[in-house]
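**Student:** Generate coordinates for the entire structure from the input sequences, incorporating the hints supplied.
Here's the letter readout for the chains.
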Amino acid sequence: MDEDITTYAVNYAMEKGADYAEARIQRDEGFSALYREGRLEAYLTVVREGIGIRVLMKGALAFASTGDLKKERIREVVESAIRKASALSERLKEGTSLAEEPVSKAKWRAEFKEDPLNIPVEERVEVFKGIEERLRDYVKYLPSRVYELSASKTSKLIVNSEGSVIYCERPNVYFSYSLLAYTPGRGSVHRWSELGSSKGWEAVRGWNLPEKLVEEAKVMMKILEEAKSPPLGEEVDVILGSEVVGLMVHESCGHPSEADRILGREAAQAGESFMKPDMKGKRIGSKYVTISDDPTIPGSSGFYLYDDEGVKARKRILFKEGVINEFLHNRETAAVFKVRSNAAARASSFDREPIIRMANTYFEPGDYSFEELIEDIRKGVYIKTFMEWNIDDKRWNQRYVGLEAYLIERGELKGLVRNPALEITTGGLYESIDGVGRELKFYAGICGKGDPMQGVPVWFGGPEVRVRKIRLSAST
Amino acid sequence: MMIKDVAKAIVSEGLKLGAEDVAGIIRRSIKKMVRFTNNKVTVIKEWREVRADFYLGYKRRVLTGSLSKVDLDTIRKAFSDLSKVAKYVTPLDEYVSLPRGPFEYGKIGEAFDDRVAKLEGLTDYVEEAINSALEEGARRVAGVLNVSVDEKFLATSSGIEAEDKATNISITVRAFLDKERSGQGVSCSRTLDKFDPSYAGRRAGEVASMCKKEVSADPGKYTVILDPLVVANLMGEIAYYGLSAYFVDAKLSFFTGLMGKKIAWEGVTLADDGRLRNGPASTLFDDEGIPTRRTVLIENGVLKSFLHNSRTASKFGVKTTGNAGWLIPRPWNIVLEPGDYKREELIGEVRKGIYITNNWYTRFQNLREGIFSSITRDGTFLIEGGEVKGMVRGFRISDRLPNLLLNVRGISKERELVEWWETIAPVLAPTLLVEGLNLTKATK
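Residue numbers (numbering that gives the first Met the number 0), protein chains in the order written: chain A, 0 to 475; chain B, 0 to 443.
Just so you know, these hints were derived from the structure itself, not from any lab.
Each hint should be verified, as a subset may be incorrect.
[Stated by the list, open to error] No more than 25 Å apart at the CA atoms, straight line, and that leaves these computed lysine-lysine pairs for DSS-like:
| hint | chain 1 | residue 1 | chain 2 | residue 2 |
| --- | --- | --- | --- | --- |
| 1 | A | Lys139 | A | Lys104 |
| 2 | A | Lys211 | A | Lys413 |
| 3 | A | Lys286 | A | Lys139 |
| 4 | B | Lys30 | A | Lys57 |
| 5 | B | Lys250 | A | Lys128 |
| 6 | A | Lys378 | A | Lys413 |
| 7 | B | Lys68 | A | Lys112 |
| 8 | A | Lys468 | A | Lys227 |
| 9 | B | Lys212 | B | Lys58 |
| 10 | A | Lys286 | B | Lys443 |
| 11 | A | Lys128 | B | Lys388 |
| 12 | A | Lys337 | A | Lys279 |
| 13 | B | Lys15 | B | Lys178 |
| 14 | B | Lys3 | A | Lys279 |
| 15 | A | Lys70 | B | Lys68 |
| 16 | A | Lys275 | A | Lys112 |
| 17 | B | Lys7 | A | Lys275 |
| 18 | A | Lys92 | A | Lys57 |
| 19 | B | Lys250 | A | Lys221 |
| 20 | B | Lys30 | B | Lys178 |
| 21 | B | Lys76 | B | Lys15 |
| 22 | A | Lys217 | A | Lys413 |
| 23 | B | Lys39 | A | Lys337 |
| 24 | A | Lys275 | B | Lys314 |
| 25 | A | Lys314 | A | Lys337 |
| 26 | A | Lys275 | A | Lys393 |
| 27 | A | Lys69 | B | Lys440 |
| 28 | A | Lys69 | B | Lys178 |
| 29 | B | Lys212 | A | Lys279 |
| 30 | A | Lys139 | B | Lys314 |
| 31 | B | Lys303 | A | Lys69 |
| 32 | A | Lys275 | B | Lys212 |
| 33 | B | Lys76 | B | Lys7 |
| 34 | B | Lys164 | B | Lys30 |
| 35 | A | Lys393 | A | Lys378 |
| 36 | A | Lys281 | B | Lys443 |
| 37 | B | Lys440 | A | Lys378 |
| 38 | B | Lys39 | A | Lys275 |
| 39 | B | Lys106 | B | Lys3 |
| 40 | A | Lys383 | B | Lys443 |
Since the model is a prediction, treat every value here as computed from it, not as a measurement.
**Tutor:** See below:
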């Protein structure tokens with residue numbers, strides 16, 4: 000990547016009067032293959048490369064980008080950003096500033112064994128064939144089977160006017176599947192899920208997709224054949240499986256901890272937060288609730304060692320033993336809160352500005368085995384996986400509808416129950432947790448935020464957790 | 000290279016590779032955005048982008064690509080990579096050649112406005128919207144203003160060379176009394192004359208101000224009034240996941256097997272219109288070069304058509320509707336035909352019900368059966384005896400989309416053009432009265 004061009008952009012912005020400038024060249028290259036019911040239906044190749052430039056001038060922030068890396072075009076883009084910032088600065092009563100951070104000069108890369116873009120095409124296609132072969136006995140019950148496999152490599156060079164220079168490389172591998180099971184007279188069950196990693200092709204091999212999907216198919220068939228109504232209209236205890244816990248902490252702890260939401264910066268799009276700036280130190284849940292976000296987990300989808308503002312990444316403890324402990328910051332919000340950035344700035348591509356994002360958010364494990372979690376439950380439901388979910392724009396009112404879910408009676412797991420809906424407030428949920436499993440598992444997703452939309456790879460996870468005295472409702 | 004030359008180069012390079020069908024679309028755009036929060040602008044952004052998308056039909060196989068660098072070397076490298084992939088892609092039984100042109104494309108009214116293309120002083124429009132919301136009683140206002148100028152050029156190996164250009168300007172305004180009480184308004188247009196930031200601000204402020212009094216209501220089945228913002232979100236889901244032939248073919252659509260059947264109340268007529276005057280997504284041609292058109296999808300409650308490209312049309316034994324997407328047909332502008340009522344009259348019809356002005360986060364438990372939920376956002380109100388009684392909190396629509404369509408009982412005559420962060424496609428949306436919609440709330 001051309002450090003000269005990036006430095007040129009920064010220097011030119013400073014020459015034109017910027018107080019701060021930052022330029023990021025980013026290249027994303029990859030493929031995506033769509034496979035449907037035995038056929039590789041379409042193959043997409045993608046290359047995106049360009050430069051994004053951010054300038055701060057008298058408190059006014061402007062961002063501009065171009066896919067054309069010629070000097071004359073970069074001059075135009077810088078001048079445009081400067082013009083906009085300059086015009087805006089005249090109207091601002093109170094401007095933006097950035098928290099001071101050390102100058103960083105670093106190169107980092109996500110370690111991988113097998114470059115996913117150098118894997119022979121035949122082997123890429125074998126992933127699908129292996130799944131279909133293994134699902135052969137179930138295909139007649141699975142009328143709709145859609146899989147997507149994609150892999151990409153991202154390289155970035157970030158230079159800012161304070162002297163930071165960060166270069167990084169990381170791969171991203173991703174697989175999603177949609178399975179629809181149907182049997183006459185019993186309706187259908189739909190499962191959609193995804194896997195991801197910043198490792199190379201070895202991650203795809205490690206997923207053992209044929210076995211994973213055949214297990215999914217078996218469970219879906221059992222749901223159709225056996226699942227009964229969940230207990231409704233009474234308080235029961237609920238064990239949330241790792242997959243549900245992962246999504247729950249992402250949605251109702253990670254997102255509301257984003258300081259830009261807390262300040263109202265996403266109000267008209269992804270929404271705000273139930274948290275207010277002065278809520279750090281306030282209790283939000285029981286002592287069992289500790290939730291962290293850590294970008295430095297090797298192999299994770301949210302992996303990075305320096306963020307897109309050049310700040311060194313570290314683990315963030317968002318809720319600590321039930322108390323709000325730390326918000327997610329970039330340099331802009333850190334300045335408002337008079338703290339240091341904790342390196343949460345990420346941009347999904349060259350033409351997007353860095354904004355506050357999660358990386359890998361998870362519920363810290365406790366010390367219960369699964370058997371210990373359920374042993375004193377008189378009546379309850381274990382929600383292992385989910386399909387439908389949503390949450391309000393303050394991240395207070397959430398819903399998860401179970402897919403694979405079991406009745407618990409007198410400390411024992413019983414038969415499957417169909418579509419139990421957990422609809423609960425964030426406070427109601429976290430204050431009702433009184434037991435946490437010891438086995439931490441992660442799941443992958445693409446988190447959407449920003450305007451224009453920025454999808455970034457993340458992990459989320461946790462162990463199984465026990466939630467007491469919950470009234471479940473039925474899905475439609 | 001000019002964008003025309005790049006598109007033509009894609010076709011000639013693709014043919015050299017041995018592809019029998021080649022299409023290249025080059026899109027060049029300048030987009031500007033002003034975001035504002037707490038009554039002030041927080042960031043201004045500008046993008047200049049050239050993107051090349053291409054389609055190769057290679058021995059009945061489908062290969063596609065997307066490049067942000069559009070020089071000949073990058074194109075050749077991408078094609079060379081794809082040539083190695085081709086033999087592993089499955090030849091499709093339903094494969095059809097790209098449609099043979101040329102076609103006459105005519106014109107679309109109010110598609111390009113030079114004043115929008117040259118617009119400066121975007122923050123003036125933002126201030127106009129903020130002030131309108133504040134005048135209605137809002138205390139803080141947030142939102143986004145978008146302006147774009149887009150050109151595209153399509154060349155295909157089947158004799159099509161076509162170009163189109165567009166301007167768009169839109170604003171989303173969210174007004175707050177406090178954290179819990181808010182309203183939203185939008186305005187979107189292809190031309191400056193029909194762009195109304197004051198309206199967006201006023202509507203956002205008005206809904207927020209309606210939240211002053213709070214009342215309580217239990218979850219359950221209700222007659223609901225759905226404002227155009229809600230209708231736009233849900234009709235987008237219906238048009239894409241329900242009516243795109245791709246999802247029907249994948250047996251994931253909740254309308255699979257229902258062609259010609261009654262799927263909605265008889266007052267419901269839903270169309271896709273690629274040539275809607277002033278429609279944000281209006282365009283002269285689809286990705287295959289087929290002239291766009293108006294397609295009635297649901298007529299008086301009966302399912303009449305899905306959205307097609309040439310390949311899905313061939314598989315379904317019908318003609319393309321001009322909605323390509325090389326892989327997935329998609330809607331342009333969704334149009335729900337108006338009814339006879341004013342919004343106030345619809346509200347006046349409701350003995351006890353809930354009035355929902357906005358929603359987001361529509362997610363499916365089972366796409367095939369259309370089982371979904373979507374959470375209310377901004378002002379949601381209890382109606383009793385035909386009057387709005389006060390704001391209610393925490394409601395979620397938890398039902399089946401097919402039920403919703405069948406249970407419509409009233410449609411307003413006024414419609415709004417809606418496109419914002421939470422819509423799949425722009426929708427010309429009226430207000431709806433729907434009976435017996437299931438609404439749920441948190442239990443703890």
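**Student:** Next, verify each hint and record whether it holds.
**Tutor:** Do the hints match the structure? See the list:
For a cut-off of 25 Å, the pair hint linking lysine 139 of chain A to lysine 104 of chain A is broken: about 57 Å separates their Cα positions. Of the pairs offered as hints, the one joining lysine 211 of chain A and lysine 413 of chain A holds, with about 23 Å between alpha carbons and a cut-off of 25 Å not exceeded. Between lysine 286 of chain A and lysine 139 of chain A the CA atoms are separated by roughly 49 Å; this puts the pair beyond 25 Å, and the hint is violated. As the CA atoms of lysine 30 of chain B and lysine 57 of chain A are separated by approximately 24 Å, the hinted pair is consistent with the 25 Å bound.
A threshold of 25 Å between alpha carbons decides the hint, and for lysine 250 of chain B with lysine 128 of chain A the separation of about 21 Å falls inside it, so the pair holds. Our distance criterion of 25 Å between C-alpha atoms is met by lysine 378 of chain A and lysine 413 of chain A, whose separation comes to about 10 Å. Distance restraint check for lysine 68 of chain B and lysine 112 of chain A: the Cα-Cα separation of roughly 29 Å exceeds the 25 Å cut-off, and the hinted pair is therefore not satisfied. Distance hint between lysine 468 of chain A and lysine 227 of chain A is fulfilled; the C-alpha atoms sit about 21 Å from each other, no more than 25 Å.
Of the pairs offered as hints, the one joining lysine 212 of chain B and lysine 58 of chain B is violated, with about 66 Å between alpha carbons and a cut-off of 25 Å exceeded. For the hint linking lysine 286 of chain A to lysine 443 of chain B, the alpha-carbon distance of about 19 Å falls within 25 Å, and the restraint holds. Taking the CA atoms of lysine 128 of chain A and lysine 388 of chain B, the gap is about 59 Å. The hint is violated against a cut of 25 Å. For a cut-off of 25 Å, the pair hint linking lysine 337 of chain A to lysine 279 of chain A stands: about 13 Å separates their Cα positions.
Taken as a hint, the lysine 15 of chain B and lysine 178 of chain B pair is broken in the structure, with Cα atoms around 60 Å apart against an allowance of 25 Å. At roughly 56 Å between alpha-carbon atoms, lysine 3 of chain B and lysine 279 of chain A are farther apart than 25 Å, so this suggested pair is violated. As the CA atoms of lysine 70 of chain A and lysine 68 of chain B are separated by approximately 15 Å, the hinted pair is consistent with the 25 Å bound. For the proposed pair lysine 275 of chain A and lysine 112 of chain A, the alpha carbon gap of about 44 Å is over 25 Å, so the pair is violated.
For the hint pairing lysine 7 of chain B with lysine 275 of chain A, the CA-to-CA distance comes to about 55 Å; that exceeds 25 Å, so the pair is violated. Straight-line distance between C-alpha atoms of lysine 92 of chain A and lysine 57 of chain A comes to about 11 Å, which keeps the hinted pair within the 25 Å bound. For the given pair, lysine 250 of chain B sits about 21 Å from lysine 221 of chain A by alpha-carbon distance, which is consistent with the 25 Å threshold. Distance restraint check for lysine 30 of chain B and lysine 178 of chain B: the Cα-Cα separation of roughly 31 Å exceeds the 25 Å cut-off, and the hinted pair is therefore not satisfied.
Of the supplied pair hints, the one linking lysine 76 of chain B and lysine 15 of chain B holds, its CA atoms being roughly 13 Å apart against a limit of 25 Å. Between the alpha carbons of lysine 217 of chain A and lysine 413 of chain A the distance comes to roughly 17 Å, so the proposed pair stays at or under 25 Å and holds. Taken as a hint, the lysine 39 of chain B and lysine 337 of chain A pair is honoured in the structure, with Cα atoms around 21 Å apart against an allowance of 25 Å. A hinted pair counts as satisfied when its Cα atoms are at most 25 Å apart, and lysine 275 of chain A with lysine 314 of chain B does not qualify at roughly 55 Å.
The straight-line distance between the Cα atoms of lysine 314 of chain A and lysine 337 of chain A is roughly 19 Å, inside the 25 Å bound, and the hint therefore holds. Of the supplied pair hints, the one linking lysine 275 of chain A and lysine 393 of chain A holds, its CA atoms being roughly 11 Å apart against a limit of 25 Å. Only pairs whose Cα atoms come within 25 Å are accepted, and lysine 69 of chain A paired with lysine 440 of chain B is rejected, the gap being roughly 55 Å. A distance of roughly 46 Å separates the Cα atoms of lysine 69 of chain A and lysine 178 of chain B; the hinted pair therefore is violated under the 25 Å criterion.
In summary, the hint linking lysine 212 of chain B to lysine 279 of chain A is not supported, as the alpha carbons are separated by about 30 Å, beyond the 25 Å threshold. Proposed proximity of lysine 139 of chain A and lysine 314 of chain B is supported: the alpha carbons are some 21 Å apart, at most 25 Å. Only pairs whose Cα atoms come within 25 Å are accepted, and lysine 303 of chain B paired with lysine 69 of chain A is rejected, the gap being roughly 51 Å. Annotation: proposed proximity of lysine 275 of chain A to lysine 212 of chain B holds, straight-line Cα distance about 23 Å (limit 25 Å).
Annotation: proposed proximity of lysine 76 of chain B to lysine 7 of chain B holds, straight-line Cα distance about 17 Å (limit 25 Å). Among the hinted pairs, lysine 164 of chain B with lysine 30 of chain B is consistent with the structure: their alpha-carbon atoms are about 13 Å apart, no more than 25 Å. Taking the CA atoms of lysine 393 of chain A and lysine 378 of chain A, the gap is about 32 Å. The hint is violated against a cut of 25 Å. For the given pair, lysine 281 of chain A sits about 20 Å from lysine 443 of chain B by alpha-carbon distance, which is consistent with the 25 Å threshold.
Distance restraint check for lysine 440 of chain B and lysine 378 of chain A: the Cα-Cα separation of roughly 23 Å lies within the 25 Å cut-off, and the hinted pair is therefore satisfied. Annotation: proposed proximity of lysine 39 of chain B to lysine 275 of chain A holds, straight-line Cα distance about 19 Å (limit 25 Å). For the proposed pair lysine 106 of chain B and lysine 3 of chain B, the alpha carbon gap of about 20 Å is at most 25 Å, so the pair holds. Simply put, lysine 383 of chain A and lysine 443 of chain B have alpha-carbon atoms about 21 Å apart, close enough for the 25 Å limit, and the pair holds.
When held up to the earlier numbered hints, the structure conflicts with 1, 3, 7, 9, 11, 13, 14, 16, 17, 20, 24, 27, 28, 29, 31, 35 and fits the remainder.
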